[in-house]
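Please model the complete structure; the sequences and the hints are all you need to start from.
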Amino acid sequence: MSDKIKNYVTVIAAGIVIFGLFFWSLFKPATQISESERRGLKQFPEISAETLINGKFMSSFEGYATDQFPLRDQFRSLKVFVAKSIFRQKDVNGIYQKDGIFSKIEYPLNDSSITNAASKLSYLVTLGENANDVKYYVSIVPDKNYFLADECKVPKLDYDKLANDFISQLPNAFYIPIFDLLSLEDYYKTDTHWRQECILDVADRLSETMGASISHDFETKLFRDNFYGVYAGQSAMNPDPEKLYYLTNSVLDNATVFDYETQSSIPVYDSKKGSGRDGYELFLSGSKSLLKYENSASESDRNLIIFRDSFGSSLAPLLFEGYKTVTIVDIRYISRLQIKNLIDLNNSDVLFLYSTLVLNNSITFK
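All letters in the sequence shown, in the order written, are residues 725 to 1090 by the numbering used here.
With a straight-line Cα cutoff of 35 Å, these simulated DSBU-like cross-link-like pairs (lysine-lysine) come out:
# : residue 1 : residue 2
1 : LYS880    : LYS766
2 : LYS1048   : LYS997
3 : LYS997    : LYS859
4 : LYS822    : LYS967
Derived by calculation from the structure, the hints in this document are not laboratory data. Note that the structure is predicted; figures quoted are calculated from it, not measured.
Take a look at the structure:
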């Protein structure tokens, strides 16, 4: 074959690929949701004289074109393969893994975020100034980088500084350390969260420090054996699925919590949500601003109020037995200014339970 013919073939093949992908992206229906990434994909932006002039159309169109590109997941996988196998990168878009355990680099330490988080929670402490017999506690959940980053030689937070700075700005709350109770095996391989069946010792320390009594009368049940965490899709590395277990007993099997958003009762373990894209939503139905559990069989006259992020969803049910009521609040979804009108702090233990990931990104606090 002559060089001229080879050049023609190369140009024609390249043209077929380029124009083929162009017309494919032009006429294919827009995908609404990326199942692998667990997020909505950008849709075609509104065209108007205003958006064309101020540039919003083109900036929005760029995101739309990226999200809706044909074979997007396949190209994402190809990008990971090239980055890892050819360029030998340790991480791709901040996500790294070792022996099938995935994590995302969280760095550097955001001092202003720690201060913001402590300030928002300090306001909640002031709400109890006129309440009777209210006690404050704080505990911090380390993210997986605490255990994995050094071994993989990626940057990580100064966890001692984070904890010390945060605690020092909450002088009225008693610190309950739990870092020493946790290990990498206590977390899901493909997700940020800890495994409920592995944190009974955490529940023990928290309840004992707060003076509550809980038992170990739990049965471990398999909910699904095809659980993929948030990093499974974000990494585009096609990891193996893992098993999702939960702890229950005769009380929790039939228990409900009151959801103030919907003004209705929901199960402690939401099988419908747990069967969806995010299996971790099995625990207390995922992102909820305000929930309340009432324990009619409790021998205690104390109440527990947990201000928490998503790690608290799987921990809270383990503490139900020790209190008359348990109120669960997420100030990422409800303004702290509304709390005084919704919660009675009298005769209560108040637990601030937050992960290092959320404390280092507390812009989400309202």
